[in-house]
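Peer 1: Heads up: the sequence lines are chains W and H, in that order. 41 is the number of the first residue of the first sequence in the working numbering; add one for each residue after it. 41 is the number of the first residue of the second sequence in the working numbering; add one for each residue after it.
Keep in mind the hints are simulated off the structure, nothing from the lab. Don't take each hint at face value.
Capping the alpha-carbon separation at 30 Å, the derived lysine-lysine pairs in DSS-like fashion look like this [claimed, not checked]:
| # | chain 1 | residue 1 | chain 2 | residue 2 |
| --- | --- | --- | --- | --- |
| 1 | W | K150 | H | K77 |
| 2 | H | K398 | W | K225 |
| 3 | H | K50 | W | K50 |
Residues of chain W clear of chain H, computed beta-carbon distances all greater than 12 Å [unchecked claim]:
| # | residue |
| --- | --- |
| 4 | S61 |
| 5 | A96 |
| 6 | Q117 |
To spell it out: a stretch of chain W is covered by chain H in this simulated footprint if at least three of its residues, at any positions, have a beta carbon under 8 Å from a beta carbon of chain H; those stretches are [what the hints assert, rightly or not]:
| # | segment |
| --- | --- |
| 7 | 228–242 |
| 8 | 355–366 |
Glycine is no exception: its CB is placed at the ideal position from the N, C-alpha and C atoms.
Protein chains: 2
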Amino acid sequence: MNMNLHEMGKQARWAGRKLASVASEQRTEALSILSEKLLEHAEEILEGNGQDVQRARELGLSEAMLDRLLLNPSRLQGMSDDLRRVAHLPDPLEEIFEERVLPNGLRLHKRRVPLGVLGVIYESRPNVTVDVVGLAIKSGNAVILRGGSETIESNRALIRVIHQALMEAGLPENCVQWIDDPDRKYVYELLQLDEFVDLIIPRGGASLHEFCRKNSRIPVITGGIGICHLFVEESADLEKSLPVILNAKVQRPTVCNALDTLLVQRSIADIFLPEVVRLLGDAGVSFKVDEIAWDILKDYQGIRISRAQPEDFDTEWLSLILGIRVVNDLEEAIEHIAQHSTGHSDGILTQNTALAEKFVQRVDSAAVYVNASTRFTDGGQFGLGAEVAISTQRIHARGPMGLRELTTYKWVVEGMYHVRS
Amino acid sequence: MNMNLHEMGKQARWAGRKLASVASEQRTEALSILSEKLLEHAEEILEGNGQDVQRARELGLSEAMLDRLLLNPSRLQGMSDDLRRVAHLPDPLEEIFEERVLPNGLRLHKRRVPLGVLGVIYESRPNVTVDVVGLAIKSGNAVILRGGSETIESNRALIRVIHQALMEAGLPENCVQWIDDPDRKYVYELLQLDEFVDLIIPRGGASLHEFCRKNSRIPVITGGIGICHLFVEESADLEKSLPVILNAKVQRPTVCNALDTLLVQRSIADIFLPEVVRLLGDAGVSFKVDEIAWDILKDYQGIRISRAQPEDFDTEWLSLILGIRVVNDLEEAIEHIAQHSTGHSDGILTQNTALAEKFVQRVDSAAVYVNASTRFTDGGQFGLGAEVAISTQRIHARGPMGLRELTTYKWVVEGMYHVRS
C-alpha cells in the first residue's frame, strides 16, 4: 500500500482543530468510552496480539522482547484503568495564567491550548498506543502513530477500537491516525511534515532518537536515555544510604531512571564500598570499578567485580551492572556528572545542607535528587498523573511530560480600540 | 581561516556552565560595563561600521539595506540604553515554582535554569549582536553568533568590546563567541552541534528559517513571519475601528506584526470599506481586494486598488499594501484566518463579547487581539522588557520571547532517604 502522509497530516490538522474546540467533557467522555471498549473487545485485541507474538516467536525474538510485546487480560485491564484515571485528571486546557493590565490599559493573559498534532514513533509495546492516545485526546491533540512492525496486528485491533470510541464520543476518527505500513520510509516522511505536525515524540532506543534528530524538520523530544548517578558524600547516613542505592539499582534495572554509576567520597570509601558490594552483590549486581575501588574491593570473595574501562562510565547499563568511582570531594563528583551524565536523574546522599544546595545548584539534570532514589523520575511518581515521555532536552519541557507538557499557550490581548504610538 | 566549530561548541558549553553558576550581580554587572564600553569605544565601532557601509554601497545595496546596516552615535546610545534596561530587569534565574510535598513526603520544586548555549543566526543588523548578547548573558546563556557578511567589520569591533566587558566582569570571554567567517558552510556546521548547542534562533527571512528547519539537529525557533489579520465584525464601533486599522497597517509596515489582510463582514462592507480605503489610501496604502470589495470600491477615484490574486492572501506584504476580503460572518473569518494566517497576530474588532470570546477561542495564533492593533506583539510592549525573537511555533515559547523564554527548569527532589516501592 502506498500511504499518503501529506493527506494524513492534513486530516490530522483538521481533526486537531476540531478536537481543540470541543468541550472538556467530550474529550473526557471519549477516554471513558475507550476504557470500556478495551475490555469489551478484549477477544479481538488479544487475538491480534497473539498473531504478533507467534510471529515474533518464529523470528526468534528474545523472551524480554516477547514480554514487552505481550498483552493479556490483566494487562488490558491495566490499560483500561489507566485510561479512566487520565480521563479524570484536571483538564489542562482550562488554565488561564499571567493575567495583567498594562499601563496603557491593554489587558493581557495567556490561555493554555493544545500543541496541535503529535507524531509519536515507538517500538514494540502495544500499550504505548493506548497510553499516548489517552494523553493526546485528553490534552486536545491529534496524533499520528507509528508503532513497530512487531506489533502490527495488535495495533490494527487497538486502532479499530479507538476509532469506534472516538466516533461514539462524536469526535473525528482522524484525531488518531496510524501508519500501518512498517516501511521505514514513512518514518522519514512523517519527520518532514512540518506543515501539519507540531512535535515528534520518539519512544525507543538511542538510534531512533538519533535518526529523528538528524532527519526531522519538526521539533523532537529527546529523552528516555539516562546515565544516572548517586554521589555518597562523607556526611551521609551510610546505613540509610544503602537501601537507597539498592533501590535505585535493582528495583527495576531495565529502565532509564535506574542507577548506572555510584560515586563515593574517598574518605568513606574504605568502610562504605564493602557494604555496598555485599548488599547489591547479593541482589545479583556485578560491578565495574575504578582503580581506587579496585584496591579496596579486590580481595572480597564472592562478588562479581572488574576494572572499569573508560567507556563504562558513559554506558547506560539497563541491567544489573553498576559502575563505581571514588572521588575526592563534591567538586570532583559534580565534574564527573557533568562529563558523563545524560542529564536525566542524578542525586546526592548527604546530611550537609550547604553541600546539598551546592549539588542542586551545579548539577544540571532534568531531576536532581537529595537523599532519594533516582527511580522516582516518572510522571506518576511526580504527581502528574501520567507521562508521554521523559525529556532530557532543554527546550519546552524537562523530565516527565504529562498533560500540561503537551500544551502551549496563546496570548490574548483585549483593548478598547488601542493603537501603538 | 578554518574555524573549528566543534571546539567553539565545547568552549561555549564550558563557559555557559560557568556563567550559570555565578551570582546574579555578576551577570548584571557585565551588562552595565558593556553598556558603558559601547560609548567609550564608539569611535572604533563606528569606524568598523563605516567600512561595512562603504562596501555595501560599492556592492549597490538598497537604501533600506544600508539603513539597517548603519550605526551612528544616536543608535549606539540607544543600544547602550537598552543594555542598561535589560541589566536591571528581574533575574529570571531566581524563580522557584510548583513547589509541593508528595503524599510519601518527597519535596518537589522546579528551579529556573538557563537553556545553556544559544546559536543565533542573523543578517544585516549589527544592533542584534548587542541585543542578543545582553539577553543571553542576563539569562545565564552562552551564545555563538553568526552575523551576516555585510556586518563583518561592525561585528568585529563589537565583539572586541563585548569580550573586554566580559573579562572586566570576571566572566569567561567564551560566553560570547562569533563565527567571523562568512562562509555559509559554518551555518550548516553550527546546526549540527547538538552536543553543545541547545537552541537555534534564526533572525531573518523565510529562506533562513527554512534552511535551519531543514538542516538543524538542534531545536529551532521558528518565527518572525506574520501574515496578520483584523476582522471587522458588524457590531464594531466603526469610527473607532478606523484608526486601529490605520495603525496596524501604516505605523511601521516593514515589520512582522503589521496588518496584511483586512476581513470585513458583508453587512457593513458597503458603508465601511469606502472609509477604510479613503483613510489608508491617503496614508499611501494600495489595496488588493476580493470580488465583492471590488464591486463596492471600483468606482472610487484616487485610490490604488486591484483585484486580489489567490496568492495575495498568503503574502506577508512588509510594505504599504493591504489585502481586503469580505466575509459573510465570524465563521468565514475564522476559516480564512485558519487557512492563511502564519499564527503570529490576528484580531477582531467587535462590540459583541460572545463573538469576541468565540474568536479568541477558535483563532489559534501566538497573539489573538480583541479591539486593538496587531502592532502590540512585541516583548517591550507586552511588558517582558525585551525580546530575542517572536516565536510562531508551538513548542517551548509562543509570541515574544524575553528572558524567561531563554530558560528551562530542573526538578529538584528532596527526600529522607526515600526509596520507590
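Peer 1: Confirm or reject each hint.
Peer 2: Results for each hint:
no.: 1; hint: W:K150 - H:K77; in the structure: violated (38 Å)
no.: 2; hint: H:K398 - W:K225; in the structure: violated (41 Å)
no.: 3; hint: H:K50 - W:K50; in the structure: violated (41 Å)
no.: 4; hint: S61; in the structure: violated (6 Å)
no.: 5; hint: A96; in the structure: holds (30 Å)
no.: 6; hint: Q117; in the structure: holds (21 Å)
no.: 7; hint: 228–242; in the structure: holds (count 3)
no.: 8; hint: 355–366; in the structure: violated (count 0)
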